[in-house]
Each structure stands twice: as structure tokens, then as C-alpha cells.
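Put together the whole structure using the sequences plus the hints.
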Amino acid sequence: MSIMKKFIKASGIIMLAVILTGCGNTDKDNKKQETAGSESSSVIKRPEAGLVLNIPKEYQDKGIEVTEADKDDNGNLGIGIWWYYKPVTDKMLDEISNIPKEDYTEEMQQEFLDNMAVHSKDILNIFLVDEQEYKETKAETDKTGALTGWGNVEELGVNNGYMYLAIMPENNTEGMTEEEKAQYEECLAYMDTVKEKLEFTEIEEKNTTGKMPSFTTKDLQGNTVTESIFQEKDLTVVNIWGTFCGPCIEEMPELAEWSESMPSNVQIIGLVCDIEGEDDQEHKDKALQIMEKAGAGFTNIIPADGLDSLLGQVTGVPTTIFVDKDGNITGEPVIGAYVSVYKKFVEDYISGK
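Residue numbering for the sequence shown follows the working numbering, starting at 1279 and increasing by one per position.
To be clear, the hints were calculated from the coordinates, so they are not data collected in a lab.
Using N, Cα and C, we set each Cβ at its ideal position, and we do this for glycine too.
One or more of the hints may lead you astray.
Unchecked claim - The calculated lysine-lysine pairs, modelled on DSS-like cross-linking and capped at a C-alpha distance of 25 Å, are:
{"id": "1", "residue 1": "1622", "residue 2": "1511"}
{"id": "2", "residue 1": "1323", "residue 2": "1364"}
{"id": "3", "residue 1": "1603", "residue 2": "1496"}
{"id": "4", "residue 1": "1622", "residue 2": "1489"}
{"id": "5", "residue 1": "1603", "residue 2": "1622"}
{"id": "6", "residue 1": "1364", "residue 2": "1511"}
{"id": "7", "residue 1": "1511", "residue 2": "1496"}
{"id": "8", "residue 1": "1603", "residue 2": "1489"}
{"id": "9", "residue 1": "1413", "residue 2": "1622"}
{"id": "10", "residue 1": "1496", "residue 2": "1340"}
{"id": "11", "residue 1": "1511", "residue 2": "1603"}
{"id": "12", "residue 1": "1335", "residue 2": "1364"}
{"id": "13", "residue 1": "1340", "residue 2": "1473"}
{"id": "14", "residue 1": "1571", "residue 2": "1496"}
{"id": "15", "residue 1": "1571", "residue 2": "1621"}
{"id": "16", "residue 1": "1621", "residue 2": "1489"}
{"id": "17", "residue 1": "1323", "residue 2": "1475"}
{"id": "18", "residue 1": "1473", "residue 2": "1335"}
{"id": "19", "residue 1": "1489", "residue 2": "1369"}
{"id": "20", "residue 1": "1364", "residue 2": "1416"}
{"id": "21", "residue 1": "1335", "residue 2": "1323"}
{"id": "22", "residue 1": "1564", "residue 2": "1603"}
Stated by the list, open to error - With beta-carbon atoms standing in for the labels, derived distance ranges:
{"id": "23", "residue 1": "1629", "residue 2": "1389", "range": "45 to 53 Å"}
{"id": "24", "residue 1": "1369", "residue 2": "1512", "range": "47 to 55 Å"}
{"id": "25", "residue 1": "1464", "residue 2": "1559", "range": "50 to 58 Å"}
{"id": "26", "residue 1": "1383", "residue 2": "1464", "range": "32 to 40 Å"}
{"id": "27", "residue 1": "1432", "residue 2": "1364", "range": "26 to 34 Å"}
Here's what the structure looks like:
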């Protein structure tokens, strides 16, 4: 089980938003590590990004993990490679896993995140940028990072009409022991080999379609809400968030403003994942305060038994999904606070793209 998965299991649906700002989850339980010759776990495929990576088990044992393909704030598909110093991070996860839920505090979460940021690093990101757009932007600006938001990027090659760009963030080693620093630098140096051995494949569209489950629940005002809410509009934006989540709270004013200017056949509803039933007045009050401060008047519902299957697939908040009037989940979920990406999807959907 990966760092992300173990932390989610330990403390609820909580995204490591402070440190995992790249491409989404790192759940090994959900990703395929394919066989190649005698090194059964060295080849890692990301078909949604058209990529095959070679990372020997010895480096995976030293803490290297590859994220699933996901989109960044600019809408560019990509993957990330993270390094964790497992002698420390595994112990941290074991300790936090043993804290009773009722004793778990936001201060504990913040301390965990701060410590995790010392002992885990984002060491390589690979983004896909439309080849023609990339060439035009590069010709105009002479800056290869113009379409990614990053300063220094390396061109890896062209595949499926995309330019593949490598980005290696600058990290510091403050707080690491000499042994830890040496392991980090060894794994960081191996990224050059990863880039050299990178293979391109055909891009396979991620199959994320499904149907919203039947449910009966309440909104924050106590009104009954069922899955029939989706029949009211052609498209519903479902923003899954938590009262503990900084990025969720930060994007709420923008969501509030957007909700007032949406097309007449589109609506947004929120699902507050950390409210534990109708009797959880503490978290309901907190959610109401966040909504009021943000000036958000759109419907927010609390989890119900019928929504367990949906929340069980959520690897971080905020996660935003899109549901048509028949209750079908359409497109790909967006993990992270990327309002511009939500808007782009809605625009494309309404225009029939």
C-alpha cells in the first residue's frame, strides 16, 4: 500500500495537498506494474499518458513511487515521480494510523504534513503539451516552460501529437540525516536513467465513466436531497471537499462566484466528505461557516450510505466530478483545486466538444 493510500486509510479522505501538488494519487493498489523479463516490478506503465517507465525494484524499495496520470492546473496531462524516505515516513504513517479518530486534530495533521514534506520530495514530472501549440508558444516566447508554468523544462520527444516535457523541481535537504540525504541524491540521480529509458506508447483513454449511486441525504439546511437532483440540469459539477482542507476552502469563493454565472443548464453542488451523518453538528456548522464566509449559496450535501461507493474511490480532496442529467459520470475527475480546469470541461461539454 502506498504512502497516499495508507494516509487516507489512517485519517479519512485527506489529500496531502501541502506536498502532493503534482499529478494526483500514488496508489499502488490501483496501478499496474507490468512484467518485463526477469524484473517483474521494474516496468511501470501509464497508458493514459502513453508512457512506459523503467524503475528497478531496488529503487522502488528506496522510496520511488510513480503517480497516476492526471491533469495539472493548466490542463496538461502528466505524471509525477516522488521519493519517500521510508524508514521515517513509514513510521510516521504507523503512528498516525494508531491515533483514534476522535483524538485526531488539525494540529496533528499539519505536523504530519510538515514532517512529511521534509522526508519526501517531488523529483520528476513529465507533462504532455500539444505539439503544435508548444512549437508556436516556444517560437513566440523562447521559453520552453511557458505552457507548463515551470521555468526549466527538458524536451523528451514527441508522441501522439504531444511534446513530452520533463521538469525536475528544486528541492532542499534541510532536516535530513546524512544517510537520508545520500539515498535521496541517489534516487534523484537515477531520474536521468529513467528519462533515457523512457518509452512512448499509444495513449489509452482512461475509463472513468460510471453512474452516480442512488442516495437519500440532507443538505446543510436540512432539506432532503436524492439523486433526482441531477435531473434538474444537463450537467452538474460535484465538488467533493472537506472542512479540514485548505485548498478546498481557498477555492470556495471562486466556486461561489462561478455558481452565479453558470449557464442555465448547469449547476454545482458540494459534497462535504468529513460530515459524519446528520447528527454531526460540529462539522455541519463548520461547513456552513466556510460557505457563508465565501458567499457560496449553492447546495451542499452530507455523505449518506448510498454515497459510500463514490467516496471510496476518492483519493484526495478537493475532487470534482461531472454528472449528466441521467446520473452518468462523464469525463475525468479533477483532483485538486483547479477551477479553471472545471470551467474548461463545462465549456467543452456544453459546446459539444
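Hint by hint, here is what the structure shows:
1. A hinted pair counts as satisfied when its Cα atoms are at most 25 Å apart, and residue 1622 with residue 1511 qualifies at roughly 18 Å.
2. A distance of roughly 23 Å separates the Cα atoms of residue 1323 and residue 1364; the hinted pair therefore holds under the 25 Å criterion.
3. Pair hint residue 1603 plus residue 1496 holds up; C-alpha atoms about 20 Å apart against a cutoff of 25 Å.
4. Straight-line distance between C-alpha atoms of residue 1622 and residue 1489 comes to about 22 Å, which keeps the hinted pair within the 25 Å bound.
5. With a C-alpha separation of about 19 Å, the suggested pairing of residue 1603 with residue 1622 holds against the 25 Å cut-off.
6. For a cut-off of 25 Å, the pair hint linking residue 1364 to residue 1511 is broken: about 47 Å separates their Cα positions.
7. Among the hinted pairs, residue 1511 with residue 1496 is consistent with the structure: their alpha-carbon atoms are about 19 Å apart, no more than 25 Å.
8. A threshold of 25 Å between alpha carbons decides the hint, and for residue 1603 with residue 1489 the separation of about 11 Å falls inside it, so the pair holds.
9. The straight-line distance between the Cα atoms of residue 1413 and residue 1622 is roughly 22 Å, inside the 25 Å bound, and the hint therefore holds.
10. A threshold of 25 Å between alpha carbons decides the hint, and for residue 1496 with residue 1340 the separation of about 46 Å lies outside it, so the pair is violated.
11. Distance check on the hinted pair: residue 1511 and residue 1603 sit about 6 Å apart at the alpha-carbon level, within 25 Å; holds.
12. Taking the CA atoms of residue 1335 and residue 1364, the gap is about 14 Å. The hint holds against a cut of 25 Å.
13. At roughly 18 Å between alpha-carbon atoms, residue 1340 and residue 1473 fall within 25 Å of each other, so this suggested pair holds.
14. In summary, the hint linking residue 1571 to residue 1496 is supported, as the alpha carbons are separated by about 21 Å, within the 25 Å threshold.
15. For the hint pairing residue 1571 with residue 1621, the CA-to-CA distance comes to about 22 Å; that is within 25 Å, so the pair holds.
16. Proposed proximity of residue 1621 and residue 1489 is supported: the alpha carbons are some 21 Å apart, at most 25 Å.
17. A hinted pair counts as satisfied when its Cα atoms are at most 25 Å apart, and residue 1323 with residue 1475 qualifies at roughly 13 Å.
18. For the hint linking residue 1473 to residue 1335, the alpha-carbon distance of about 17 Å falls within 25 Å, and the restraint holds.
19. Distance hint between residue 1489 and residue 1369 is unfulfilled; the C-alpha atoms sit about 38 Å from each other, more than 25 Å.
20. Of the supplied pair hints, the one linking residue 1364 and residue 1416 is violated, its CA atoms being roughly 40 Å apart against a limit of 25 Å.
21. Proximity of residue 1335 to residue 1323 is assessed by CA-CA distance (about 14 Å); at most 25 Å being required, the pair is judged to hold.
22. Annotation: proposed proximity of residue 1564 to residue 1603 is violated, straight-line Cα distance about 30 Å (limit 25 Å).
23. Between residue 1629 and residue 1389 the C-beta distance comes to about 46 Å, which sits within the given range of 45 to 53 Å.
24. The hint said 47 to 55 Å for the Cβ distance between residue 1369 and residue 1512, and at roughly 50 Å that hint holds.
25. A hinted range of 50 to 58 Å holds for the C-beta pair residue 1464 and residue 1559, which are about 51 Å apart.
26. For residue 1383 and residue 1464, the Cβ-Cβ distance of about 36 Å falls inside the hinted range of 32 to 40 Å, so the restraint holds.
27. Between residue 1432 and residue 1364 the CB atoms are about 28 Å apart, so this pair conforms to the stated range of 26 to 34 Å.
Hints 6, 10, 19, 20, 22, counting from the list given before, are not met by this structure.
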